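Asks: The lines below spell out each chain.
2 protein chains.
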Amino acid sequence: MEANIRKRNITSDFINDQVDTYLENLPNIEKTINRLQGLMDSNHADDTTTDTGDDETVLPSTYIVIKVAENIPEATVKWLINKIKGKKRDGGAELIVMMQPSSGDEGHVLHISASKIKFLEIAEEMEMVKTDRNGLMREFAVAQLEEFLPEDMHVDDLLTTSERQTIVRHELENIRALPDEHHVPGFQNYTLYEGQSILQVCQIYKVITGIFPLHDEEALKKLGRKWYRSLFKTQPIEEIRLYFGEGIALYFQFLAFYTKALLIPVFLGLLQIFVSIETVPFFCVFNVVWVTLLLEIWRRKSNELAFKWGTIGMTSMDEPRPNFRGTMGVDAVTGKIQPQHPRYITTVKMYCVSIPIVFICMVGAFIVMLASFWAEDYIKMSDEYYQQFIMLPSIIYSVLVWALNLYYRKLATYLTEWENHRTQSQYDRHRVTKLVLFEFVNNFMSLFYIAFIIRDMDMLKSQLQTMLIISQMICNLQETVLPLAMKYMSYRMMSYKNKKLTDHKSSKSKITRSEAFDETKSMFNLPQIQYDDSRIRQVNQECIMEEYEGTFDDYLELFIQFGFVFLFSSVYPLAALWAVINNVIEIRADAFKLCRIFQRPMSRRVKDIGAWQRCFEVLSALSILTNCGVLYLSPQMRSQAPYLDEVKWLLIFVFLEHLLLGIRYLLHITISDKPEWVRVALARKNYESKQALKFERSQRNKRLLTRRFQTIHGPHRN
Amino acid sequence: MEANIRKRNITSDFINDQVDTYLENLPNIEKTINRLQGLMDSNHADDTTTDTGDDETVLPSTYIVIKVAENIPEATVKWLINKIKGKKRDGGAELIVMMQPSSGDEGHVLHISASKIKFLEIAEEMEMVKTDRNGLMREFAVAQLEEFLPEDMHVDDLLTTSERQTIVRHELENIRALPDEHHVPGFQNYTLYEGQSILQVCQIYKVITGIFPLHDEEALKKLGRKWYRSLFKTQPIEEIRLYFGEGIALYFQFLAFYTKALLIPVFLGLLQIFVSIETVPFFCVFNVVWVTLLLEIWRRKSNELAFKWGTIGMTSMDEPRPNFRGTMGVDAVTGKIQPQHPRYITTVKMYCVSIPIVFICMVGAFIVMLASFWAEDYIKMSDEYYQQFIMLPSIIYSVLVWALNLYYRKLATYLTEWENHRTQSQYDRHRVTKLVLFEFVNNFMSLFYIAFIIRDMDMLKSQLQTMLIISQMICNLQETVLPLAMKYMSYRMMSYKNKKLTDHKSSKSKITRSEAFDETKSMFNLPQIQYDDSRIRQVNQECIMEEYEGTFDDYLELFIQFGFVFLFSSVYPLAALWAVINNVIEIRADAFKLCRIFQRPMSRRVKDIGAWQRCFEVLSALSILTNCGVLYLSPQMRSQAPYLDEVKWLLIFVFLEHLLLGIRYLLHITISDKPEWVRVALARKNYESKQALKFERSQRNKRLLTRRFQTIHGPHRN
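Sequence order for the protein chains is A and X.
Counting in the UniProt record's numbering, the first sequence runs without a single skipped number right up to 718 at its last residue.
Counting in the UniProt record's numbering, the second sequence runs without a single skipped number right up to 718 at its last residue.
Read the hints as simulated data drawn from the structure, not as lab findings.
Note that the structure is a prediction, hence the values are computed from the model and not measured.
Hints should not be assumed to be uniformly reliable.
[Claimed, not checked] Think about it this way: if two alpha-carbon atoms lie no more than 27 Å apart in a straight line, the pair counts; the simulated DSSO-like pairs of lysine-lysine are: (1) Lys-690/A to Lys-336/X; (2) Lys-130/A to Lys-690/X; (3) Lys-607/A to Lys-130/A; (4) Lys-336/A to Lys-674/A; (5) Lys-222/X to Lys-690/A; (6) Lys-694/A to Lys-410/X; (7) Lys-260/X to Lys-308/A.
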């Protein structure tokens with residue numbers, strides 16, 4: 001009965017609602033229209049620039065620079081430029097290309113930008129997450145532009161330069177080979193497969209020598225002041241994220257979190273020096289529990305950040321990475337046309353080829369390590385004369401490991417690429433796993449050998465000390481501060497020289513260069529950048545900077561340190577102290593390195609630290625085994641209970657170990673991996689979208705239904 | 001530039017789209033309108049019935065029967081009926097109540113039903129999942145009615161009786177106490193708290209003696225024929241689900257899956273009889289890996305089913321269970337008004353009170369067990385005379401365990417209720433965990449004691465044999481088949497007697513009863529059920545049947561059996577054979593029990609087997625420890641390697657155990673817990689709803705925007 005009335009009332013309610021909404025939204029909508037209007041006018045100006053190549057107009061900013069190799073045929077460059085400028089329907093990216101003046105023999109340098117409307121459109125398409133007026137992070141949508149703009153913000157400031165770079169890069173990477181393109185024009189044997197990312201192929205074949213975004217000097221200076229210049233302040237993670245992207249911000253957050261968490265073991269380690277040996281097992285037990293706890297808490301923290309950054313929903317079904325190979329087809333999830341490749345092939349390749357190869361390499365590295373130990377033993381036991389060569393096996397081993405590592409890295413990268421993982425996160429995870437397994441053998445196996453085969457605790461301790469202080473500290477200095485200083489100086493000199501050179505050139509060969517360039521310009525019909533544009537100096541400076549290879553090496557350093565600190569904390573509890581000192585320096589050094597030494601890295605979206613979480617977890621589980629093992633073998637401990645027979649003594653430690661593993665498991669299942677508020681927020685989002693889907697599906701029907709009901713029952717019965 | 005053109009074309013596209021959609025959907029919509037029209041007309045008829053209590057009209061079917069206790073004041077019954085019939089805005093459920101004729105001194109029996117439109121509305125609100133025309137499972141929506149109806153199906157057949165019962169039950173349970181209701185009318189000391197489920201409170205205070213759905217004789221007969229009557233066919237899981245709900249269907253699916261998986265250990269167990277002792281470790285290792293594998297595969301299977309049944313998205317944020325207590329407030333996820341209770345209080349209660357109490361009880365049970373062993377030992381070692389009492393400790397122990405268990409169950413239920421978990425799944429999980437911990441001590445600790453303290457493998461074997469064959473098989477027979485037969489007979493007799501009684505009464509006291517009832521009828525103004533309605537006989541039969549208490553006992557039986565089979569499979573590998581024989585019988589017995597002996601249970605939505613998954617996993621991990629331990633202690637094994645010293649011998653098994661734990665971990669991380677197709681389907685659903693949300697948010701703006709653009713640029717420039 002009531003249902004009847006409700007149904008009959010719907011019509012008038014519906015109309016009232018519509019009118020209310022319209023009136024409510026009117027001011028906002030007016031504003032959006034005005035702003036978009038403004039954008040489109042300026043966009044129009046951009047278009048004119050692009051079309052006519054008129055260099056009187058102000059050129060848009062450069063977001064990505066592409067360096068084409070020397071002596072590339074004109075046809076190839078033209079093809080590339082057309083791809084970048086071309087229409088979407090022709091497989092192009094619809095970006096703006098500008099030419100940097102260059103003499104004919106140097107490679108061309110292309111500056112890539114995009115129109116203002118384009119940025120907003122792609123930001124929506126890429127599901128970029130922005131803070132709205134209510135302070136909530138949600139996916140940006142052009143139609144809701146106004147909701148993302150605080151009163152005082154201009155629409156041009158909505159996207160940060162890092163976001164714009166990401167957008168341009170994304171569009172560039174998504175220029176994919178069409179079915180009828182079988183090779184790079186001008187190079188018959190540079191084959192292209194359907195769906196391959198053209199720019200990636202060009203990079204592999206060295207047609208393009210570099211694709212990199214430009215630093216933002218202004219922002220960098222501001223960031224640096226808050227970051228590496230202030231030694232004991234919290235890092236400005238949000239600013240780091242905005243400038244360098246989620247991947248790098250998460251690394252620094254993890255580093256800071258882990259360093260803070262180390263303070264407890266440092267305290268215990270210092271305490272242990274002053275108290276007698278019997279307390280060691282208790283400290284050791286505490287340490288082991290602490291490690292588990294810290295990793296669980298990190299997982300929560302990381303999920304919290306991922307939620308705030310809008311990356312928590314990333315899955316293996318997301319947009320494929322540029323180098324993902326497969327025939328173009330309809331995606332099962334999104335319905336977009338994307339490269340498709342059956343997952344089981346990847347799995348088969350992984351289990352049947354990669355894993356066996358990695359395993360063989362690990363065994364190989366282990367044998368090399370054993371050989372070095374045996375050689376050392378052999379020398380020790382031989383004549384007086386040979387004793388002078390006692391260091392030789394270690395040195396040979398070190399060199400060998402270095403060389404092996406170099407080749408292994410290439411192998412691991414090749415294998416992971418060959419496995420053809422769909423997303424960047426999957427690719428990273430599998431590559432990291434392969435590399436870490438090998439590094440594990442190289443870095444920790446000798447410690448295991450000393451602890452459990454040689455059973456010499458003093459040797460173990462000194463080995464740990466050496467590795468932590470010498471290897472880590474000195475290496476760290478050598479790796480970062482020294483080259484930092486050198487590079488910084490050379491960079492200063494270079495820029496000075498450059499400036500002089502430019503001045504010299506500009507005064508002298510302006511005419512010839514200009515002529516050469518005018519020729520190029522007419523050839524490609526592109527807008528050109530002025531000789532005196534500061535961008536040219538910046539490109540010249542930054543293109544000789546080193547490329548930042550990703551966070552792998554930084555995490556690896558932490559991983560090895562983590563192992564040194566926790567695997568044998570019962571033998572050398574002070575390790576944590578050295579680690580903390582090292583990390584405090586490391587944070588600043590890494591920060592400086594990123595800001596001043598490397599080319600600006602492309603920002604990369606991540607939802608967690610990937611394979612590293614699991615790597616650290618496995619290490620923390622191993623630390624239970626090793627610490628119990630070391631305690632069991634320790635003669636000091638044994639002397640505490642001389643009345644126990646050997647088997648009982650061993651059983652005590654087996655029991656202790658199982659107890660700790662049990663505690664670990666309990667901690668793992670009781671600590672939920674997302675904070676309550678994140679779970680609620682995700683559930684709400686999920687609920688809202690589900691409702692929206694229902695609404696969308698039923699709305700069309702409903703409107704027509706109510707109209708019909710109205711005609712049947714007349715308006716407003718009752 | 002292109003963006004401009006696109007924007008300008010939007011208007012005409014938009015209109016064309018609208019027209020197309022309209023034309024496309026027209027036939028469907030016509031149909032929906034006609035059907036709904038039909039429904040509303042019949043609904044109108046229902047309404048008349050309800051209002052006037054005119055018993056000439058055909059009454060709707062009964063879905064839930066409520067038995068009110070004897071001697072309950074009229075005011076209380078009236079209050080209850082008004083709550084059930086009342087409007088939503090007055091805190092009512094808007095259901096149809098019918099009265100069963102009864103003499104004044106018996107308790108009233110209420111038959112609850114709902115109008116046809118109501119069923120559809122609540123089905124949408126409860127997010128019930130139905131198969132649509134394309135064979136996809138998705139949430140039902142009234143506005144898309146047509147999409148869920150195959151050509152030949154009438155709209156009345158859309159919801160199964162079990163679904164209708166769930167809907168009615170759901171509405172009944174959601175009648176919650178209003179802020180100004182402080183006690184049950186007529187009973188000053190039956191307190192009510194805001195937000196409490198009124199019917200639950202009435203049941204606790206025994207105002208209502210029973211709420212149960214009625215069996216569907218027709219469907220039951222069909223189900224029985226396919227299920228317990230055909231011994232070696234696959235179970236009709238889909239039919240079971242439709243009749244009994246997801247919870248029970250999943251139990252039977254698990255039982256079948258587990259039994260099939262047991263065939264491999266049976267085969268190995270039989271093989272082991274014929275080969276020498278040295279192969280035991282290999283079989284044992286295989287068994288241990290097999291168990292891990294079977295649980296991982298089950299998890300996949302279970303997720304697959306949960307997806308098909310639409311329960312995979314259930315979370316702790318879902319609708320609260322009826323007994324969840326808390327002040328009424330706005331739900332953070334859905335925005336609905338629901339009881340709110342801070343989660344941390346539950347957590348604190350759990351960790352600070354429940355867990356310590358459970359732990360103390362476990363220790364108590366352990367001590368009782370030890371005492372029984374000590375008493376037995378003591379008797380063994382004393383005079384000849386006392387030897388006749390050798391069985392006494394065991395008997396006393398058995399009785400004591402039985403009694404302790406009884407009290408402990410009450411305690412565990414009370415504690416879990418007191419912890420106040422939000423959803424039924426959470427409640428079940430925590431209750432099951434508490435109960436299983438205690439059962440673990442009772443059932444397995446004695447085996448551990450025999451294996452590792454007494455170290456008598458023959459005793460262990462005979463104990464296992466006794467427990468499996470005697471306890472399990474005989475107990476099973478005693479628990480199910482015997483009472484089944486008895487109850488079946490008594491039920492036959494009862495129905496015969498009842499029939500006679502009714503005949504007798506109807507012929508003799510028809511007038512007096514009719515008078516008494518007419519009085520009640522006028523008192524409550526309700527439609528009455530005819531004396532000769534078959535429902536009355538059915539209610540009389542079913543209300544004396546036992547209530548099915550949920551799947552706990554059934555799972556527990558499996559859990560104990562699982563422990564007997566796998567914990568010591570190296571000692572008694574034939575255990576699997578007995579288990580399989582038992583399970584084949586169990587499936588049919590349980591099925592018969594459910595169909596014929598118990599009241600129809602309310603269907604319950606579950607997404608997995610809950611805490612049991614983890615319980616089985618812990619048991620499978622423990623089986624690694626116990627089997628390695630037993631192998632280490634086995635004298636036959638020891639005699640294989642007399643040259644090894646004790647410590648080395650122990651280390652071998654410690655190593656073996658760690659290896660197996662490692663393999664377990666690897667299996668766990670490499671086998672993903674959802675099949676690929678489920679992951680893709682979930683991702684697609686997620687993507688679609690995200691898109692819908694975006695669309696909904698921007699649509700309003702967009703429409704107005706395009707209108708504005710049109711006026712600015714005029715229609716169709718270009």
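Asks: Let me make sure I understand: some of the numbered hints might not hold for this structure. Which ones are they, in numerical order?
Replies: 4, 5, 6 and 7
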